Structures are given as structure tokens and as C-alpha cells.
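Novice: Sequence:
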Amino acid sequence: MPRWPRPVCSAAPSCARNRPRWPGDPPDETAMHPLISTQALVDRLAAPGGRPLRLFDVTTHLRPATPGPWAVESGRADYLTAHVPGAAYIDLQAELSDTTSPLRFTQPGPARLAAAFAAAGLGAGDDCVLYSSTGPMWATRVWWLLQSIGVHAQVLDGGLPLWRAEGRPVVSEASTYPPATPWAPSPQPSRWADKQDMLLAIGNQRVCTLNALSAALHTGTATIHYGRPGHILGSVNLPYSALLDDQGRFLPPAQLRAALDGVGALGAARVLCYCGGGIAATVDAMALTLAGHGNVAVYDGSLQEWAADPALPMDTSA
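Oh and the sequence shown: position 65 is 64 in numbering that gives the first Met the number 0, straight run, nothing missing.
Calculated directly from the structure, the hints in this document are not laboratory data. All values derive from a computational prediction rather than experimental measurement. Just so you know, even glycine gets a beta-carbon here, dropped at the ideal spot from N, CA and C. If a hint is listed, it holds; no wrong ones were tucked in.
DEER-style ranges, computed between Cβ atoms:
1. L198 to G266: 18 to 24 Å
2. A46 to I201: 45 to 51 Å
3. A214 to T65: 23 to 29 Å
4. P177 to P309: 46 to 52 Å
5. A215 to T65: 17 to 23 Å
6. A123 to D245: 36 to 42 Å
7. G266 to A214: 18 to 24 Å
8. T98 to L199: 27 to 33 Å
9. Q246 to I201: 35 to 41 Å
10. P178 to L198: 36 to 42 Å
11. A253 to T65: 40 to 46 Å
12. D97 to A253: 36 to 42 Å
13. G226 to D42: 43 to 49 Å
The whole structure should be built from the sequences, with the hints applied where relevant.
Specialist: Written as C-alpha cells, this is what we have:
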């Protein structure tokens, strides 16, 4: 685990710096770190007493589809094959998204999100750790959903692949948590951008619009696209994969800052992150958070909304 500018007490559940921020809490500049290492999670699971921990596997798949480009597939089968002992499963599309929306993974709004998390067993004041077996983007998406309602959780750095590579235990028996007492969210609307925000950002030198997709998708040379090839006019490209090491962990802080600074994101007053459906964009949003940028939003509709409207400008230049 890299050294971060503000170390966080990961092992001691009573440490104020290792607890989620919840609606109604006073301001706290020492709030928990967004990432937790595999060893810190082992220590946390072994710690007697303390605050309740809710550990969620949020694995999801995108499969090629016709018409494309992708169809959503739950990762529950993966969870039932192997997961961290004690983890419960949350289905991102079925439980944490607006299933009436024509777009995949549309965030359902603060009240419905809070109700869904409470139904899954996350109570007011509980610690929360998220992970996936299919890359960090699914865990960072759920982390961002929680951020958007005023709850700060942690993402397991390296996810289940690193956990297993280190020889740590897995089980196949499902776990669930009893439903928690409902709690009121603290909406953070600035965490989200919509189509109008993206339009207003074009040509605005104070705003950096960041595409988290691959370079091939950014320039329209990929074999798949989201209705129209290319990227939102004026946006710059920082693929989410460029922010991770070969074990799926986030790069050390200096490398993250260099990557973000290289595309002009750190110097921007506000950064708008997007991708195909608001998932990979949350990896870039996490990197910006780790780098200390405090004014970041995710375009929830992303290219699945933007590219479908021929009136909205796109570009295929590098």
C-alpha cells in the first residue's frame, strides 16, 4: 500500500479517522481514506468489537450485445463461487440503479439509494467496504453513489483478484445482513453532472472534461462505440486503466498527480468525468479525490446518453 499524504488508521475500528462520514456528522478533515489495503481489511475483520462493518461484493459484468455495445450481467454467480468471508452481495443494476430508466446504471436519487443501502444492511454509522472481482470500477461506482448521499465508504484496493493472489481465504456460502433502520441521506448534488452541465463546459477554460475510456474509444477507432464514435467535444482522455498498477491497485499519489496534471485536470476549478455509462468515470473520480481535488462530478448519462443525441457535438481527434 503506498504512503498517502494523510495516513489513515486502518486497523483500529475505534479510530475516528477510520469511520464513515454520515449525514449529520460535524465537519471532519481527518475523515477516512477512500481506499483500504488487503492487510488492513484482514486486520479490520479480525478486530474484536468496535463499529459494525458491512462488506459488500458489487461485482458486475458488461457483455457484448446486439444491438450493442453492452448488456449488463449480474455478478452474483461470481460471488457464489468465491468471495471474501462475511461479504454480502449487492446487485448494482437491480438494487442501486433506476430500473425504469432507458439508460444503464442510472442513479435512482438520494432517497431510493439510502433505502436500498439500508435494506442491504448498511446502518447509520456502520463502516462500509466495497470490492469487485472484475476491476475496481464497480466498487468505485458504488463508492461514488454513497459519496453522493453523504456517506464515505472505502474501496478494497486491488479487489478480490489481489485478495486471492495473496492467498487470503474465500468462501462460497452466501452471507446477508439484517435490514438496517432507515436513515436520511445528505444529498450532494454537485457530485453529478447532467447533459446541460456538459454542454456548458465546452469552451470553459475553468472546467476539465475527462473521458475515462480507452484511447481507441476516445478517437473513434475502436470496433465498438456508444452510438456515435469519438468523445464529447472539448474533452481530454485519461483512460481509467492508466491510473492502476498491474495488480489493479491505484497508483501511488505522485504518479496519480502526474497523470492528472498531464491532462490539465488538477489545475481546473472543476472536473467532469464521463465514460460510456458512468462506471469507469468513477475510477478517474477516485483518482482525483486521492490527489486532493475537491470539485469533481460524474456525468451519469455519459456517452450512452450523449452519443444517442445527434444534436450534441462529438469529436474524433486525439
